[in-house]
Amino acid sequence: GSSSSSPSSACYSRILGLYPLADMINHSCQPNAVRIFSGELMIVHACADIAKGEEIVYSYIPPIQSYPVRQSLIRNKFHFTCHCQRCRVEGKTTGGGDDTTTNCSSS
Numbered sequence: 105g106s107s108s109s110s111p112s113s114a115c116y117s118r119i120l121g122l123y124p125l126a127d128m129i130n131h132s133c134q135p136n137a138v139r140i141f142s143g144e145l146m147i148v149h150a151c152a153d154i155a156k157g158e159e160i161v162y163s164y165i166p167p168i169q170s171y172p173v174r175q176s177l178i179r180n181k182f183h184f185t186c187h188c189q190r191c192r193v194e195g196k197t198t199g200g201g202d203d204t205t206t207n208c209s210s211s
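Letter by letter, the sequence shown follows residues 105 to 211 in my numbering.
Mixed in with the good hints there might be a few duds.
[Unchecked claim] Subject to a maximum C-alpha distance of 35 Å in a straight line, what follows is the list of computed DSBU-like cross-link-like pairs (lysine-lysine): (1) 196 to 156; (2) 181 to 156; (3) 181 to 196.
[Claimed, not checked] The calculated label-pair distances, taken between Cβ atoms and stated as ranges, are: (4) 154 to 123: 15 to 25 Å; (5) 124 to 199: 31 to 41 Å; (6) 187 to 144: 24 to 34 Å; (7) 198 to 143: 13 to 23 Å; (8) 181 to 121: 13 to 23 Å; (9) 127 to 179: 13 to 23 Å; (10) 141 to 197: 30 to 40 Å; (11) 176 to 143: 28 to 38 Å; (12) 121 to 184: 18 to 28 Å.
No wet-lab data here; the hints were simulated from the structure. Glycine is no exception: its CB is placed at the ideal position from the N, C-alpha and C atoms.
Whenever a hint applies, use it, and build me the whole structure from the sequences.
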């Protein structure tokens with residue numbers, strides 16, 4: 105028999121855990137929260153002021169990347185197009201193709 109692993113087993117080797125409450129947190133390239141891991145525990149920590157009723161969001165990818173790189177990473181890894189406020193602004197000002205980085209602060 106073959107000792108090579110199947111594509112599905114390779115995928116499962118990267119799973120850290122199931123976090124049902126954290127799965128409800130959406131992506132933004134201008135996050136107001138970050139997630140950190142301590143062993144098997146995931147901690148979501150505010151990195152900006154969050155108003156009552158405001159959605160808690162964190163970035164699924166490194167937010168320091170340029171607009172086109174972020175869009176490509178999101179499309180390829182998570183299969184959606186990001187339409188967060190930052191991407192809407194950068195998409196208009198760069199024409200969607202400039203490869204400059206933007207400050208990630210939420211001011």
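Next on the checklist: Name the hints, by number, that the structure is in violation of.
Outcome noted: 7
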